[in-house]
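Novice: These protein sequences, in sequence, are chains S and X. Start counting the first sequence at 48; every next residue gets the next number (our numbering). Start counting the second sequence at 5; every next residue gets the next number (our numbering).
Accuracy of the hints is not assured; some may be wrong.
[As the list claims (entries may be wrong)] Below are the SDA-like pairs computed for lysine to any residue, each with C-alpha atoms no more than 20 Å apart in a straight line:
#1 X:199 <-> S:218
#2 X:91 <-> S:118
#3 X:8 <-> X:129
#4 X:91 <-> S:119
#5 X:196 <-> S:217
#6 X:196 <-> S:212
#7 S:209 <-> X:188
#8 X:99 <-> S:121
#9 X:199 <-> S:210
#10 X:99 <-> S:118
#11 X:196 <-> S:113
#12 X:199 <-> S:217
#13 X:99 <-> S:175
#14 X:91 <-> S:120
#15 X:99 <-> S:172
#16 X:91 <-> S:113
#17 X:199 <-> S:220
#18 X:91 <-> S:174
#19 X:91 <-> S:212
#20 X:91 <-> S:217
[To be verified] Over the 12 Å line for every Cβ pair with chain X, so calculated as not near, a few chain S residues:
#21 73
#22 107
#23 109
#24 113
#25 139
#26 142
#27 171
#28 174
#29 177
#30 205
#31 207
#32 208
#33 209
#34 233
None of these hints come from the bench; they were simulated from the model. From the three backbone atoms N, C-alpha and C, an ideal C-beta is built for every residue, glycine too.
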Amino acid sequence: MDISAFVLFWAAIFTSNILLTNFLGMCSYLSVSREVESSFGLGIAVMFVLTVTAALNWLVYNYVLVPFNIVYLQFIVFIIVIAAFVQFLELVIERYVPALYYTLGIFLPLITVNCAIFGVSLFMVIRDYSFLQSIAFGAGSGLGWLLAILMLAAIRRKLKEKLVPTGLQGVGISLIITGIMALAFVGFSGIVQIQ
Amino acid sequence: MKLKEIFVTSAFRENSVWRQILGICSALAVTNLMMNSLIMGLGVIFSLALSGFTISLLRNWTPRSVRMMVQTLVIASYVIMVDIFLKAYLPDISKQLGPYVGLIITNCILMGRAEAFASQNKPFESMIDGIGAGLGYTLVLLVIGFIRELFGFGSIFGIKVLGAWWTNWSIMVMAPSAFFILALLIWFINVKYYKAKV
Numbered sequence: 048m049d050i051s052a053f054v055l056f057w058a059a060i061f062t063s064n065i066l067l068t069n070f071l072g073m074c075s076y077l078s079v080s081r082e083v084e085s086s087f088g089l090g091i092a093v094m095f096v097l098t099v100t101a102a103l104n105w106l107v108y109n110y111v112l113v114p115f116n117i118v119y120l121q122f123i124v125f126i127i128v129i130a131a132f133v134q135f136l137e138l139v140i141e142r143y144v145p146a147l148y149y150t151l152g153i154f155l156p157l158i159t160v161n162c163a164i165f166g167v168s169l170f171m172v173i174r175d176y177s178f179l180q181s182i183a184f185g186a187g188s189g190l191g192w193l194l195a196i197l198m199l200a201a202i203r204r205k206l207k208e209k210l211v212p213t214g215l216q217g218v219g220i221s222l223i224i225t226g227i228m229a230l231a232f233v234g235f236s237g238i239v240q241i242q
Numbered sequence: 005m006k007l008k009e010i011f012v013t014s015a016f017r018e019n020s021v022w023r024q025i026l027g028i029c030s031a032l033a034v035t036n037l038m039m040n041s042l043i044m045g046l047g048v049i050f051s052l053a054l055s056g057f058t059i060s061l062l063r064n065w066t067p068r069s070v071r072m073m074v075q076t077l078v079i080a081s082y083v084i085m086v087d088i089f090l091k092a093y094l095p096d097i098s099k100q101l102g103p104y105v106g107l108i109i110t111n112c113i114l115m116g117r118a119e120a121f122a123s124q125n126k127p128f129e130s131m132i133d134g135i136g137a138g139l140g141y142t143l144v145l146l147v148i149g150f151i152r153e154l155f156g157f158g159s160i161f162g163i164k165v166l167g168a169w170w171t172n173w174s175i176m177v178m179a180p181s182a183f184f185i186l187a188l189l190i191w192f193i194n195v196k197y198y199k200a201k202v
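Okay, chain S solo, but in the shape it has when bound:
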C-alpha cells in the first residue's frame, strides 16, 4: 500500500467508514445510540482504544507473530492485546481521573467485544499497512464511528415524538436511518479508493 497516512485517515472517516460501509461495531451502535451524551462518551472511548490497539497490534504482529512464524494465532493474540489494554486503561482511569471514570468507565467493558476494534486490526493485516498507516487508519475509523453514532443518536432523539409503526420501532427504524446515512456516505466514495 502506497497511500499516505494522511489520505488514509480521511478515507477511513468518509469513503470507507468502518460502520457505514464495513458494518463493524453495529451491536453497541444500535444499543447505545438512545442518548446523545452516552453515544459521545462511547465514541470517544472507541476512538482512543482503536488508535492505540491498532498501533499495539501492528507491533505485536510484525515483531512477535511474524518472526516466530505463528501468524495463525493472530486472532487469539489480537483479542488478548485488546482485552488487556482495555483492562489496563480502566485501572489507570479509575486511579488517576475518577471523574472521567464515571462518564467513560462504564463503556470500557463494552469495547472489548466491539467488533470495530478487532476488525480494524484484521484489516490492517490484510491490507498490509505500515505502522504510521495503521495509526492513521485506526484514528480515522474511530472518528468515523463516533460521527456515525452521534448522527444516529441525534436523529433518534427527534424521532421520539414521531409516530413509527410498532413493528419498526427501535432497531428497525435505526437500521433504515443508518441505511440513508450510508447512502449519503456513498457520495464520498469517488474521492479516494482504499480497498
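Using the hints provided, position chain X relative to the given structure of chain S.
Specialist: Below, chain X alone, put in the same frame as chain S:
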C-alpha cells in the same frame, strides 16, 4: 427441556438476528453474494456448535471470574480452524470474506449463546442449541443474500437466472441496501409472527 424444543427455540422463536439483534455486522457485510452467505453461515454453525459443546464441558471447572476469557479463547480456537480450512480449500471465498471470518469471534451470537445457554446446560444440549442458533442465523443471511444477489447481479449462487434484459441494481451491491433489507425483514417478521401493528 426436549432437544427439539431447544432447537426450535434457538433457531426461530428466539432467533439471534431478528429477535435479539445480535451478529448484525456479518449478517450485513457478507450477504452481497449467496455463496459467501452460505459459507459464512456454515462457519458460524460449526463454531457455535463446537464451542457450545466445549464450554458446556468446561462449565464446572471454569471459575466465574475468568469465564469470559475462557469462552473467548474456546471460540477463537474454533474460528481459527474455520479460517485455516477456508484458506486451504476455498481460497477465493476466504479472500472475499476477508476479515469477517475472524470477526466470528466477536460476533455477539457466540458469546450470547455461550453465556445464556452453554454455561448452564449439558454438553449435548448446548451443541443442539448452537446448531439451532447457527441455522437461524444462516437462514437470515441466505434470505438477505438472495435478495441482494438476485437484484444486484441477476443471479443465484452465481448462476444467471435473469436474462440479458435485466439491468443490475447497483445499490443492491453497495452497503445501504443491506441496512434497508434487514430493516424490512425485521419489520415483516415483527408484524407477521409477533403481532406488531403495521
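Novice: Non-interface claim for residue 207 of chain S: all C-beta distances to chain X beyond 12 Å?
Specialist: holds (18 Å)
Novice: Sort out whether residue 217 of chain S lies within 20 Å of residue 91 of chain X, counting only the CA atoms.
Specialist: violated (38 Å)
Novice: Taking the minimum C-beta separation from residue 209 of chain S to chain X, is that value above 12 Å?
Specialist: holds (16 Å)
Novice: Would the pair residue 91 of chain X and residue 119 of chain S pass a check requiring their Cα atoms to be no farther apart than 20 Å?
Specialist: holds (11 Å)
Novice: Does residue 8 of chain X pair with residue 129 of chain X here, judged by a C-alpha cut-off of 20 Å?
Specialist: holds (10 Å)
Novice: Below or equal to 20 Å on CA atoms is what counts here, so check residue 99 of chain X against residue 121 of chain S.
Specialist: Cα-Cα ~17 Å, so holds.
Novice: Need the status of pair residue 99 of chain X, residue 175 of chain S: alpha-carbon distance at most 20 Å?
Specialist: Status holds; Cα separation ~14 Å.
Novice: Residue 199 of chain X and residue 217 of chain S: Cα distance at most 20 Å?
Specialist: It holds: about 16 Å lies between the C-alpha atoms, which stays within 20 Å.
Novice: Check whether the Cα positions of residue 209 of chain S and residue 188 of chain X lie no farther apart than 20 Å.
Specialist: Cα-Cα ~19 Å, so holds.
Novice: For the pair supplied as a hint, residue 199 of chain X and residue 218 of chain S, confirm whether the alpha-carbon distance does not exceed 20 Å.
Specialist: holds (17 Å)
Novice: For residue 73 of chain S, is the shortest beta carbon distance to chain X beyond 12 Å?
Specialist: Nearest chain X Cβ is 4 Å from residue 73 of chain S, so the label is violated.
Novice: Within a Cα-Cα threshold of 20 Å, do residue 196 of chain X and residue 217 of chain S meet the stated pairing?
Specialist: It holds: about 17 Å lies between the C-alpha atoms, which stays within 20 Å.
The structure shown violates the earlier hints numbered 11, 19, 20, 21, 27, 28 and 34.
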